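*Asks:* One line per chain: the protein sequences are A and B, in this order. Going by our numbering, the first sequence opens with residue 558, and the numbers climb by one from there. Going by our numbering, the second sequence opens with residue 105, and the numbers climb by one from there.
Read the hints as simulated data drawn from the structure, not as lab findings. Among the hints, erroneous ones may be present.
What the hints assert, rightly or not - Quick partial rundown of chain A residues pointing at chain B, CB under 10 Å, derived from the structure:
#: 1; residue: Pro587
#: 2; residue: Val588
#: 3; residue: Ser647
#: 4; residue: Ser701
Keep in mind the model is a prediction, meaning the values are calculated, not measured. Positions of the beta carbon are idealized from the N, C-alpha and C atoms, including for glycine.
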Amino acid sequence: MLKQKENTVDKDMEQRIWAWLAAVPDPEIPVLSVVDLGIVRGFNLGTNSLEVEVAPTYSGCPATEFIETSIVSSLQGHGLQNVSVKRVLSPPWTTDWITEAGREKLRVYGIAPPEGSASKTALLGDKKSVSCPRCGTTKTSLVSEFGSTACKASWKCDECLEPFEYFKCI
Amino acid sequence: MVDKDQALLKYVLRLGDNALVHGQRLIELVAHGPELEEELANANFSLDYLGQARMFYTYAGKLEGAGRTEDDFAMLRPEHEYENLLLVEQPNGHFGETVVRSVLFESFYLLQLEALVQCNDAGLAEIAARAIKEIRYHLRFSSQWLIRLGDGTDESQQRVQASLSESWTFTGEFFAADDVDKVVQDEFQGPNLEELQQAWRNNVATIVAEATLQLPEDQWMEISGREGRHSEYFGFLIAEMQSMQRAMPGLNW
């Protein structure tokens with residue numbers, strides 16, 4: 558009986574931890590949380606410790622350490638002790654890990670979300686159509702493969718003429 | 105013959121050295137890019153290389169088990185302990201020269217990583233799988249530029265053709281297998297350099313043909329980088345890179 562009760566407590570705790578993690582923003586695109594971005598792979602909840610598994614987006618992402626620190630300090634702020642982050646490399650992160658909710662948040666924020674799956678062909682540059690996050694048209698054109706961060710390309714809309722960023726499918 | 109563990113350690117360090125030195129050369133271009141887009145691309149690429157170097161060095165530290173960190177490998181080793189390919193330490197020159205160097209190196213590195221994803225050392229395979237996604241993208245960028253410059257004006261074609269011929273002498277080193285490569289191939293199912301060479305030639309020939317350039321003839325090849333004997337440019341490169349750690353040992357952000 559007691560055991561069952563403990564399990565219920567664990568479940569509650571797990572749900573709360575997920576909710577707390579879902580409130581930790583990505584420093585470069587603060588509209589996305591680390592959960593939306595799909596970089597939190599899970600966590601191991603011990604009796605008196607918590608280890609969060611985080612996958613880096615890009616090898617050279619300068620935000621990696623910042624994100625790890627934010628996760629630890631946020632969870633500590635909620636009263637958890639002995640919080641640590643374990644960096645996991647496999648399976649590697651791709652834009653396919655961004656959740657549906659995350660994609661919608663990106664669109665509302667004005668960044669076109671990645672289209673299609675991060676297959677080899679997408680990387681090698683098949684002709685894809687990117688929808689303008691403002692007016693929705695697919696009459697858009699690529700301005701530059703590189704934008705303000707490694708993960709974004711610069712596009713412009715040929716209908717409403719607004720420039721916008723596209724989260725690269727990679 | 106080197107022992108199995110020693111060979112793997114050396115192999116991982118060489119991968120780290122290639123990534124760090126190539127990345128450092130690209131970092132030197134920051135604020136010197138010909139256009140804003142190329143400026144950002146180069147800066148982003150060098151960050152990727154720096155990140156890959158960190159993963160390789162951290163893993164090397166774990167393999168060695170002597171408590172050395174990524175910073176010890178990057179910032180405190182002298183010139184002769186670096187075993188990067190000579191090509192990646194060559195000066196940037198004009199933009200076309202950097203493009204040629206990137207195409208030649210990245211087309212090799214990509215094949216090397218593709219083979220390493222299949223190797224039976226889990227730690228190395230994992231880093232390769234992460235890095236491969238970035239290098240595919242870099243190569244797409246650099247080869248597009250080679251095509252644009254080669255198939256551009258008479259001036260741009262002549263200049264990248266000259267760079268290609270000059271850089272060619274450093275490409276033989278990619279495939280000059282030594283004991284380390286052989287042990288990694290035999291014991292860890294690492295890359296077969298003979299097979300890689302064939303695939304590399306084909307890939308480079310395709311890009312070069314599209315760029316309306318001539319593939320250089322094979323000639324005398326420089327192959328001393330992996331013995332720690334470098335071209336004169338390298339000393340200046342690491343002197344600049346390591347200056348902060350040398351002046352203020354243990355300096356931290």
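*Asks:* Now look at each hint and say whether the structure bears it out.
*Replies:* Each hint, compared with the structure:
| no. | hint | in the structure |
| --- | --- | --- |
| 1 | Pro587 | violated, 20 Å |
| 2 | Val588 | violated, 21 Å |
| 3 | Ser647 | holds, 5 Å |
| 4 | Ser701 | holds, 4 Å |
Hints 1 and 2 from the earlier list are contradicted by this structure; the remaining hints agree with it.
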